[in-house]
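*Asks:* What follows is each chain in one-letter form.
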Amino acid sequence: MFSSKQPRSGARENRFVRYLVLASWAFFCLAPVVWFLSIGLRPRTEIITASPIYWPTFSLDAWNMIWNDWPMAHYLRNSLLAICGSVVIDLLLAIPAAYSLARYQYRGREDIGFYILSTRMMAPAIVAIPIFFLFKHLSLLDSVWALMLIYAAVNLSVVTWIIRSYMLDIPKELEDAARTDGASDLRILLEIIIPAVLPGIITAGVIAAIFAVNEFLFTLLIASTKSAYTLSVALANFTGGSDGLIYNAIALVSFLAFTPVFLVVVAIQKHLSRGLTMGAVKG
Amino acid sequence: MARIELKNIQKDWAGVIGVKDVDLDIADQEFLVLLGPSGCGKTTTMRMIAGLEHPSSGTITMDGQIVNDVEARDRDVAMVFQGYALYPNMTIYENVRFPLRMRQVPKNEHDQKIRAAAEMVELTDYLERKPSALSGGQRQRAALARAIVREPRLFLMDEPLSNLDAKLRQSMRVQIKHIQRQLGITTIYVTHDQIEAMTLADRIVIMQAGRIQQIGTPDQIYNDPANIFVAGFIGSPPMNLIEGDLRDGTFSAPGIRVDGLPATYKGQIYLGVRPEDCQITDNAEHLRGEVFGVEPTGDMTYLTLRAGDKMIEIKANRDYRAPLGSDERVNFDTERLYLFDFETGERLR
Numbered sequence: 001m002f003s004s005k006q007p008r009s010g011a012r013e014n015r016f017v018r019y020l021v022l023a024s025w026a027f028f029c030l031a032p033v034v035w036f037l038s039i040g041l042r043p044r045t046e047i048i049t050a051s052p053i054y055w056p057t058f059s060l061d062a063w064n065m066i067w068n069d070w071p072m073a074h075y076l077r078n079s080l081l082a083i084c085g086s087v088v089i090d091l092l093l094a095i096p097a098a099y100s101l102a103r104y105q106y107r108g109r110e111d112i113g114f115y116i117l118s119t120r121m122m123a124p125a126i127v128a129i130p131i132f133f134l135f136k137h138l139s140l141l142d143s144v145w146a147l148m149l150i151y152a153a154v155n156l157s158v159v160t161w162i163i164r165s166y167m168l169d170i171p172k173e174l175e176d177a178a179r180t181d182g183a184s185d186l187r188i189l190l191e192i193i194i195p196a197v198l199p200g201i202i203t204a205g206v207i208a209a210i211f212a213v214n215e216f217l218f219t220l221l222i223a224s225t226k227s228a229y230t231l232s233v234a235l236a237n238f239t240g241g242s243d244g245l246i247y248n249a250i251a252l253v254s255f256l257a258f259t260p261v262f263l264v265v266v267a268i269q270k271h272l273s274r275g276l277t278m279g280a281v282k283g
Numbered sequence: 001m002a003r004i005e006l007k008n009i010q011k012d013w014a015g016v017i018g019v020k021d022v023d024l025d026i027a028d029q030e031f032l033v034l035l036g037p038s039g040c041g042k043t044t045t046m047r048m049i050a051g052l053e054h055p056s057s058g059t060i061t062m063d064g065q066i067v068n069d070v071e072a073r074d075r076d077v078a079m080v081f082q083g084y085a086l087y088p089n090m091t092i093y094e095n096v097r098f099p100l101r102m103r104q105v106p107k108n109e110h111d112q113k114i115r116a117a118a119e120m121v122e123l124t125d126y127l128e129r130k131p132s133a134l135s136g137g138q139r140q141r142a143a144l145a146r147a148i149v150r151e152p153r154l155f156l157m158d159e160p161l162s163n164l165d166a167k168l169r170q171s172m173r174v175q176i177k178h179i180q181r182q183l184g185i186t187t188i189y190v191t192h193d194q195i196e197a198m199t200l201a202d203r204i205v206i207m208q209a210g211r212i213q214q215i216g217t218p219d220q221i222y223n224d225p226a227n228i229f230v231a232g233f234i235g236s237p238p239m240n241l242i243e244g245d246l247r248d249g250t251f252s253a254p255g256i257r258v259d260g261l262p263a264t265y266k267g268q269i270y271l272g273v274r275p276e277d278c279q280i281t282d283n284a285e286h287l288r289g290e291v292f293g294v295e296p297t298g299d300m301t302y303l304t305l306r307a308g309d310k311m312i313e314i315k316a317n318r319d320y321r322a323p324l325g326s327d328e329r330v331n332f333d334t335e336r337l338y339l340f341d342f343e344t345g346e347r348l349r
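Heads up: the sequence lines are chains F and V, in that order. Going by the working numbering, the letters in the first sequence line up with residues 1 to 283, in that order. Going by the working numbering, the letters in the second sequence line up with residues 1 to 349, in that order.
Among the hints, erroneous ones may be present.
To be verified - Think about it this way: if two alpha-carbon atoms lie no more than 27 Å apart in a straight line, the pair counts; the simulated DSS-like pairs of lysine-lysine are:
no.	chain 1	residue 1	chain 2	residue 2
1	V	Lys-315	V	Lys-167
2	F	Lys-172	V	Lys-315
3	F	Lys-172	V	Lys-20
4	V	Lys-130	F	Lys-270
Unchecked claim - What follows is a list of derived Cβ distance ranges for each label pair:
no.	chain 1	residue 1	chain 2	residue 2	range
5	V	Asp-111	F	Ala-11	49 to 57 Å
6	V	Glu-119	F	Pro-96	17 to 25 Å
7	F	Ser-184	V	Pro-238	45 to 53 Å
Quick caveat, the hints were computed from the structure, so don't treat them as lab data. Keep in mind it's a predicted model, so treat the numbers as computed, not measured. All residues carry an ideal CB built from backbone N, CA and C; glycine is no exception.
Given only the sequences and the hints, what does the whole structure look like? Please build it.
*Replies:* So this is what it looks like as structure tokens:
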């Protein structure tokens with residue numbers, strides 16, 4: 001007890017070095033975010049200058065511009081709808097699929113598992129054109145529902161594999177006990193398995209949401225007008241406007257797109273690291 | 001009421017035999033212990049009775065009804081697992097309640113049944129805790145409460161005490177036997193611990209390599225082993241099995257000579273002697289050996305003698321002591337010697 005209150009000088013130095021290294025790393029990672037925010041909250045005239053400006057004038061020009069001149073709220077709504085919807089679809093499909101892959105014995109189970117994962121192995125550009133025509137014939141082009149389906153399809157494999165690896169960790173005895181206690185397979189899934197893998201389900205959902213936020217190619221392909229634009233595509237559009245490059249608005253939208261994901265990741269980071277490594281090692 | 005019959009049960013996985021030719025008849029209210037080394041098929045046999053595995057052939061009958069195709073959840077058996085298998089997201093109260101909910105027991109009876117079961121295993125003060133907040137012994141008692149709460153027709157216990165320390169194991173053993181007698185529910189108990197088997201069982205079934213070696217009361221198994229495997233498995237230390245030559249009623253092996261055995265057998269055999277059937281006396285004639293080890297345990301002393309290249313275990317008095325390497329002479333109780341066939345291991349006498 002006493003030794004921990006009065007650390008030896010060696011231990012103290014050691015701790016100092018450790019904090020110094022961690023602080024440098026944190027600065028290295030967070031400085032661009034601060035820089036973004038600083039650019040987003042200054043007037044356009046102070047962005048490209050001959051010498052750097054360390055204390056720029058505070059201005060809400062960009063903020064007003066993205067909300068008033070641009071349909072920012074609309075893009076944000078599209079993003080949220082497509083992302084949340086896709087995560088719900090993923091979880092509804094992935095939980096039973098993962099349970100089946102983790103527990104039932106049937107011919108071709110491993111092949112099916114590999115097939116599911118293999119959808120993740122090719123470059124998205126390969127399937128871009130077929131997907132475009134598919135959605136065209138389904139009359140789903142330029143719709144948020146189409147984006148929802150695409151995000152769900154792209155992330156389904158990862159979500160399934162993460163949840164499956166969590167399910168493999170649950171002792172079989174637990175299900176045997178529930179079975180002899182009189183529970184049906186569906187009851188076992190709902191009352192025993194899902195509560196036990198809840199951290200895995202949350203992790204998989206957040207990872208899917210992050211991937212969906214960053215999805216660009218398919219969104220650009222499907223969303224041909226502003227009615228289906230999401231934040232990531234809207235962001236790209238700022239660069240090509242007739243007003244020239246609007247860097248402060250770009251920076252501010254980037255910051256807005258980044259912040260919610262960042263906060264969620266911070267909130268669940270313990271589970272997240274476990275989920276990522278499990279998906280990697282056990283997959 | 002539950003009378004269980006297993007007829008010609010066989011279980012194999014893609015040609016690998018797990019259980020073979022198992023015939024068992026378990027009486028109502030009986031405490032039956034399946035005993036054997038790991039991989040002998042005892043747990044598989046129990047899981048087939050529970051309905052968690054399906055036999056490859058043969059029939060399982062409960063109270064006259066063939067249950068091969070009855071799902072585990074419809075067999076009305078309660079199982080206690082080695083790893084406790086408590087549902088981690090539920091409190092102990094919810095754990096114990098789970099089988100009641102699943103079996104549509106009227107809700108107004110739940111609380112009273114749960115408290116009665118908890119009281120029986122002395123766990124009333126812990127009902128609101130999660131399993132992770134309990135010790136190993138408490139978790140095992142919670143698992144037991146979950147099994148007894150709905151008064152099933154059959155208890156199945158799969159090595160329920162093997163994760164507990166020795167002292168706790170002893171007290172839980174007494175508790176399990178007491179509860180089983182109190183409820184009068186037929187119980188099948190799997191273990192590899194012969195002490196548990198001897199102390200708990202009405203009858204013991206000894207299994208090895210998927211087959212039943214012997215079925216009998218603990219006394220029968222101990223005093224009348226059917227073959228060399230049973231003889232060597234039961235007893236602590238186990239029976240000494242000495243390889244030697246039998247001719248004209250005289251058994252001889254390096255350092256060992258025993259007269260007066262039946263002259264009907266001859267040739268190579270195994271002689272079986274329990275450690276407690278040996279007497280150390282100065283003029284003894286059966287065994288001369290060199291003291292290899294002396295292990296006082298408090299209530300008795302284990303003596304290991306070396307005769308030729310064979311080690312012989314002997315239970316000696318609590319105050320017996322001898323220097324290592326000294327000579328010692330031992331007589332066997334000739335009434336309690338066992339003879340086993342050298343090839344088949346079957347008991348000859």
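*Asks:* Next step is simple, just say for each hint if it's right about the structure.
*Replies:* Results for each hint:
1. Lys-315(V) - Lys-167(V): Holds - the C-alpha atoms of Lys-167(V) and Lys-315(V) are around 23 Å apart, at most 27 Å.
2. Lys-172(F) - Lys-315(V): Outside the cut-off at roughly 43 Å; violated.
3. Lys-172(F) - Lys-20(V): holds (25 Å)
4. Lys-130(V) - Lys-270(F): holds (22 Å)
5. Asp-111(V) - Ala-11(F): 49 to 57 Å: Given a distance of about 54 Å, which is inside 49 to 57 Å, the answer is holds.
6. Glu-119(V) - Pro-96(F): 17 to 25 Å: Violated, since Glu-119(V) and Pro-96(F) (Cβ atoms, about 40 Å apart) do not stay within the stated range.
7. Ser-184(F) - Pro-238(V): 45 to 53 Å: Given about 46 Å between the Cβ atoms, the range holds.
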